[in-house]
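Colleague: Below are the chains, spelled out letter by letter.
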Amino acid sequence: EAGGGDDDDNEGGGGDGGGTIGLLLPEDRTTRYESFDRPFIEGKIGELCPDCTVQYNNASEDANLQKQQFDAMLTDGVDVIILDAVDASTTATWVEEAEAEGVPVVAYDRLAEGPIDAYVSYDNERVGELQGQALLDALGDEAEGSRVVMINGSPTDPNAAQFKSGAESVLEGTAEIVFSQDIDGWDAALANEEMNAAIDSLGADGFDAVYVANDGMGAGVINALEAAGINDVPVGGQDAELAGLQRIVTGVQTFTIYKALQPEAEITAEIAVRLLRGEDFAELTPDSADSPTNDGIPSTLLEPVPVTLDTIEDTVIADEFYAPADICTAEFADACQEAGLG
Amino acid sequence: MSDKLAPDPRLLVRERGLAGYLEDFRRRITGGELGSIPVIVGMIIIAVVFESQTGTFLSPRNISNISVYIAGPGIMAVGIVLVLLLGEIDLSVGSMAGLSAAVWAVLSVSHGVNDLLAIVLAILAGAAVGTLHGFFFAKIGVPAFVVTLAGFLGWSGLQIWVMGDEGTINVPRDSLVRDFNNFYFSDISAAYGLAAVLSLGYLGALLFQERRRERAGLPTRPLSEIILRVGLVAVAAFITAYTLNQHRGLPLALVIFLVILLAADFMIRRTTYGRQIFAVGGNAEAARRAGINVERVRLTVFTLASALAALGGLFYAAQAGGASKSLGSGNLLMNVIAAAVIGGTSLFGGRGWIWSALLGTLVIQSITTGLNLMGMASEIQYMITGAVLLVAVVLDSISRRTQRTAGRT
Amino acid sequence: MSDKLAPDPRLLVRERGLAGYLEDFRRRITGGELGSIPVIVGMIIIAVVFESQTGTFLSPRNISNISVYIAGPGIMAVGIVLVLLLGEIDLSVGSMAGLSAAVWAVLSVSHGVNDLLAIVLAILAGAAVGTLHGFFFAKIGVPAFVVTLAGFLGWSGLQIWVMGDEGTINVPRDSLVRDFNNFYFSDISAAYGLAAVLSLGYLGALLFQERRRERAGLPTRPLSEIILRVGLVAVAAFITAYTLNQHRGLPLALVIFLVILLAADFMIRRTTYGRQIFAVGGNAEAARRAGINVERVRLTVFTLASALAALGGLFYAAQAGGASKSLGSGNLLMNVIAAAVIGGTSLFGGRGWIWSALLGTLVIQSITTGLNLMGMASEIQYMITGAVLLVAVVLDSISRRTQRTAGRT
Amino acid sequence: MTAAPVLALHGVSKRFGAVQALTDVDLEIRPGRVTALVGDNGAGKSTLIKTIAGVHPIDAGSISWKGREVRISKPHDAQELGIATVYQDLALCDNLDVVANLFLGRELRTAHILDQVAMEREARELLDTLSIRIPSVRIPVASLSGGQRQVVAIARALVGSPEVVILDEPTAALGVEQTAQVLDLVERLRDRGLGVILISHNVADVRAVADDVAVLRLGRNNGVFPAAETSGEEIIAAITGATDNAVTRRSLRRDQQGSEAEPEQNTDAEGAGEETR
Amino acid sequence: MTAAPVLALHGVSKRFGAVQALTDVDLEIRPGRVTALVGDNGAGKSTLIKTIAGVHPIDAGSISWKGREVRISKPHDAQELGIATVYQDLALCDNLDVVANLFLGRELRTAHILDQVAMEREARELLDTLSIRIPSVRIPVASLSGGQRQVVAIARALVGSPEVVILDEPTAALGVEQTAQVLDLVERLRDRGLGVILISHNVADVRAVADDVAVLRLGRNNGVFPAAETSGEEIIAAITGATDNAVTRRSLRRDQQGSEAEPEQNTDAEGAGEETR
Ligand SMILES: Nc1ncnc2c1ncn2[C@@H]1O[C@H](COP(=O)(O)OP(=O)(O)OP(=O)(O)O)[C@@H](O)[C@H]1O
Ligand SMILES: Nc1ncnc2c1ncn2[C@@H]1O[C@H](COP(=O)(O)OP(=O)(O)OP(=O)(O)O)[C@@H](O)[C@H]1O
Ligand SMILES: O[C@@H]1[C@@H](O)[C@H](O)OC[C@H]1O
Ligand SMILES: [Mg+2]
Ligand SMILES: [Mg+2]
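Protein chains in written order, with our numbering: chain A, 1 to 342; chain B, 1 to 409; chain C, 1 to 409; chain D, 1 to 277; chain E, 1 to 277.
Bound conformation, chain A alone:
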């Protein structure tokens, strides 16, 4: 189906002409969306379609606000919408509305329900599995029968549940989960308190590894471990945040999960531009995904990558996600030297 609404002034149509692509991202407090996803997508669209404009909105984790932003896109007459849903399971009616107006929707990162045209993502379950696996790997021989503390994401964030269940699926059987807590709003200070509670109730020797759902909370967790003088247990998060990478360099954090955002963003951008122009994009979506409402959605599912001290060079630095200079600021210069970075 060719893109472009029928009532908009800058008619998208076919060919190389311009148009408007709407980009809806779910939140603004973690680094990725504002610092990576958005610039990568905007950049790629600009490159592929210089006459295109991108209309951007961020929903600050508010599903209702995102619905209004979605409506605003339709009011503004955008030709294609890229949707990273706050709550992917409630979007069916929105997407139907867009479909009725002839505006195709690409689901980004989270599998939005409803008749979407394409889906590009990392698999959240998979992220969790990798996190669990990375912990077990770090424990090495001691993995069998090890005791793991889990500091999970927000109870109201559907992704958090997927991370958690992915990790559990790997850990269970091998390791024992001795403490598991969800943290409201992914709050690092609360994570710090929960970690202290874990240390207090289990004792400093009462656990062998710490699963922490993301790097943001990792800061608070590691703070608690250090304060208790515990520096020999593996700890890992996700997102490959700069602060997390720096901790990996100094050895206080063991791993993070790197979701190479650039390919994810750029593939999405390209699909969106092709939808705008009414071109075929089958070769961009080799996979297929099923949502509760729709089956056989053309998809690209990318593989997340665990990052440890040994693999920083080949992953985030190789991808130019961060330059060595970003990571190796004055404070970390020595540690970088030792690790052979920068």
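To be clear, the hints were calculated from the coordinates, so they are not data collected in a lab.
Heads up, a few of these hints could be off.
To be verified - To spell it out: a stretch of chain E is covered by chain C in this simulated footprint if at least three of its residues, at any positions, have a beta carbon under 8 Å from a beta carbon of chain C; those stretches are:
| no. | region |
| --- | --- |
| 1 | 69-76 |
| 2 | 79-88 |
| 3 | 97-108 |
Every residue gets a Cβ at the ideal spot worked out from N, C-alpha and C, and that includes glycine.
Fit chains B, C, D and E with the ligands to the known structure of chain A by using the hints.
Modeller: Structure of chains B, C, D and E with the ligands alone, referenced to chain A:
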């Protein structure tokens, strides 16, 4: 001389007729009694700025969307206005909205309870929660701020618990809740009819009242004032109706919101119960000494506020497309309270009107929608919303300052 | 007879000595004047329950942790107490804490500004923000609720903007901010020394005051009362010191918090400025007529509250291990306000004391920590926190009710 | 003292914190009689009438209404019995207009809907009889002058049909003309057979309208006097508890004649006797 | 009228919304003289003195202090000039204790630190001179009786050393003894050379202590009379603007003798003349 006093010579009496009305109006304006004018002027400025920036702000589609969006927070704001009139606050309305959506969704979707029954039960759950708040506040004497702060935490915990393993429960296609967001009376006579009913009803009410006053020998408003007032209402109503008909017609959400506004307005201005609310908010001890059952007034107002929050929560679920663990968290609470205050209801009790729920919600929603249309970065949205909120009230405050009469201590 | 009146025969005069003191105490308790007893009893119950459930709640390590956790919210609560004494509210403290952490982190870490200077600048930024709030409130007359609600939105937008591309910035190892969470005076003489200074200082202050009163021919407290009061303080101080020394010693965070508490307490009870805060909070118009510069008092209190929030934000960053875009959002604001109220400061102005910041924060933090130790699911945590918050205040409210004297209208 | 008391207090005590405001107070109010309640500042007059009005409960003692013991635990109870009270602090709702204050708690209405027109008309009539000029009956009472507010509070007591009217210093803020009107009003109430309690510091007014004068001193009874047979000096002596007081000294100084200011001694003795009872 | 006025108002007008509370009012206060300001309820007396005290600004007219025109835009300005005011509504902070209220805005202190002991001692002395019993100077004024509160408000005006003292119905809630004390106090202030404005509805008190009587009627001047040479009836006639009023009718009824209540006609005429000027 003392049995029938002459009118006070110091009272600057209004001339009869339109001239007198306008003169009186001018005097109020220059004296700083701006009433709701700042908000209305603010609304106009907001509309003009956004329209010039986006070209779509005043489109029928957007106006129609806004009229649907305001229903949920607006209904909740009506409850907050009532609570503010008491001089109290209810911090739990956001959590209550979320809890209500969860209750409805779990009952109706997961347990197969009849949809309408589930809606009623969700609202009753709200009423029960409000009664509980009212009990602790009115009977035990715990400050309402603390009671509802406990509620803010407790009910959102309960919401997450009620939702159980489901992160989100979708609104079924055939549910009335879906209609709260998606149903429009598409026959154009619906919108025009409502506009006509509102205008004529207002006219009738005014004429009836003035007739009675005249018969009782009390001062009356000039006919020209009545015509002017009704005229303004009619123009606003018909323009809105026309615009809505350009899109999909009259939204059910707007109808429900208007009915609630009219009912609440009637209640607080025309019934003894409403009078009691103002009295308790103005001076609770004086109200008690006048024989008013202060505890009952407080208890029932909190019941109403929570019930309205519960209803508002269903509109939220309708809009998002489902009930979730996070529905009602975030800025909802603050937005609803801000709406009531921006609309002109005092935080200190005893002063305000129901229509502030409409005006304030409209201002806040217009800003959000306008910024969405402009595709403003979210942190900039935060800052602009904060700034506009401030400006909206600054105008009012400045005018009140010039007028301030250094009343009693 | 009229030149020197005999003491009023209706005054139930306290006997001299300990017996009189205890009798008076008993009379107050039975009369419902419980003061801070409910909170303290509540604390004891909380401690006993959690200790019996976890076995680690009263461990030196946990006590030490709690004493560090309370510093951040406690310092912010001191600011809120000041604002509440004015009869106002500051909804922006959470956003301000986040903004301050962002300002410090960006200056110090990203721009290489000297660490201490960056800390001072962050706090000054807080003061500037507070002055701005104060300006709109005191000079323009916008209700503080609205001003700080705008701030709540605006400053958190600015926080995100200041953080720029970074979601999180780590606290450097050598930063003073890290010490806010991690530094302990491990020499046991530090904790004991502080306990001794506090106890002796209190004793000295009481003795000095009573001496002056005696000389001026005013009624004095019996020596036994002084000994009892100082004794209680000394016992509490030394037990805490002993416990802290069992773990890592006296935390820097606690020292800073105590210094702020003592300074603020002195300020509001012993200086003209403090007196003015109470007067404005009790009756602003009366204060104005007494020649008090009401605007200045309001402006400076908001300045102080924001500066304290800024400092508190740095403690949060220290605890979280870094500044982030989401620091200070969530329930921080509500917890801080709840702390001040639970501790016994009225929401309605003119009544309260600084120590409510300590007591209230301690209650809330104890609940959170206890539930963390028990590994309670977070939705259950919400519900329990809500319930305990309510119970903590219910006790107080019931006692006040029996005592309520149906004062003036 | 012909009619049986409509309201009788016996042994009433009331404590606020460390202040014993009332100790063992008796008082009887009879229909068709005006009982003045007098006493020094802080004697406990307002506290006493507030216990009757249900503002605060009594600690000890009993209240009987038409011979039957009653419990008055809230203002509504007192109103139900037929007691209307004008408080010293007026107890008006500053945010409400004059009409709303006048009818507060007793609104004229059809079903639950207010009859604004009827209330406004009656309000105007009521205020006219008290010859007060109020700029408009539709402005909030917050913007009225002290005397205007007081008249509104007095007028409130006349809405409804009470059997006992309590007036706590009703003329304190009133002008000469309004004071005269209120005294007329008190007499009209008495003539209609109501029991009236009048608290006042103005001994002349008290002697002019009261039938009985009950004196409170330091929270205790200090005698009840028939107004007609008691001189102003006697009343003042019972109030102040001393014959040598600022009043006598002042008049002594001004009049330069000592004999007139010499009151009788027995009043005080009697009072003192009751006090130590 | 020997000394030059310390305070002079000329052509002062003040409007509240639709009410023209003051129109073109003149007033002169001289040192060592007591000027009584009288008028009916709502005449504008409190509004007038509030403009002097800086509570609210005037719309038109001028205020001169010792011959120099001044702008009084806030209470602090008036205090700086040396004007102390006792307001009709007292303006106390209910949450503060008696001592704190007495010294509010003028705390005794070293540097910025309160000298609680000195303040408490002085407070006790001050209250003793006004012969009021207050249970304790350390209880919040909210729990005081009406008269006790009023005495606290009056005592406040004596803290510091004002040159003009304004008393708005200072004895309204006071007992006979306390009233006498306050009248003594007014005389002491006059004798110390202060200018005193006394607002009162009690014509006897006014005639007893005032040197001049300024009458306000419906927000306008209605004449200034020398107290010594003006009868109570004349003053009342100027206040009510009529010779036939409730007061005269009441005394007529009671005394059954028409001749005494017949006041002179010229006062009212003079008043009316000014009114229409
Ligand atoms: N803040 C205000 N807003 C509106 N009207 C006011 C205000 N203050 C006073 N007025 C009006 O101004 C007039 C004069 O009031 P003012 O208080 O000066 O009277 P007054 O002479 O002191 O009377 P009283 O003897 O009863 O105290 C009154 O009619 C009153 O209603
Ligand atoms: N709510 C209260 N709390 C504490 N003490 C109170 C309270 N109410 C009254 N009192 C005390 O009780 C005593 C009697 O007060 P009350 O108001 O009854 O006096 P009163 O006779 O009406 O005096 P006045 O003539 O001054 O109005 C006073 O000493 C007062 O301080
Ligand atoms: O990447 C994570 C994201 O998926 C989740 O929704 O929020 C927290 C982030 O760390
Ligand atoms: Mg009294
Ligand atoms: Mg007055």
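Colleague: Now tell me if each hint is right for this structure.
Modeller: Consistency of the hints with the structure:
1. 69-76: Check passed, 3 qualifying residues.
2. 79-88: Holds, because 3 residues of the region 79-88 of chain E bring their Cβ atoms closer than 8 Å to Cβ atoms of chain C.
3. 97-108: holds (count 5)
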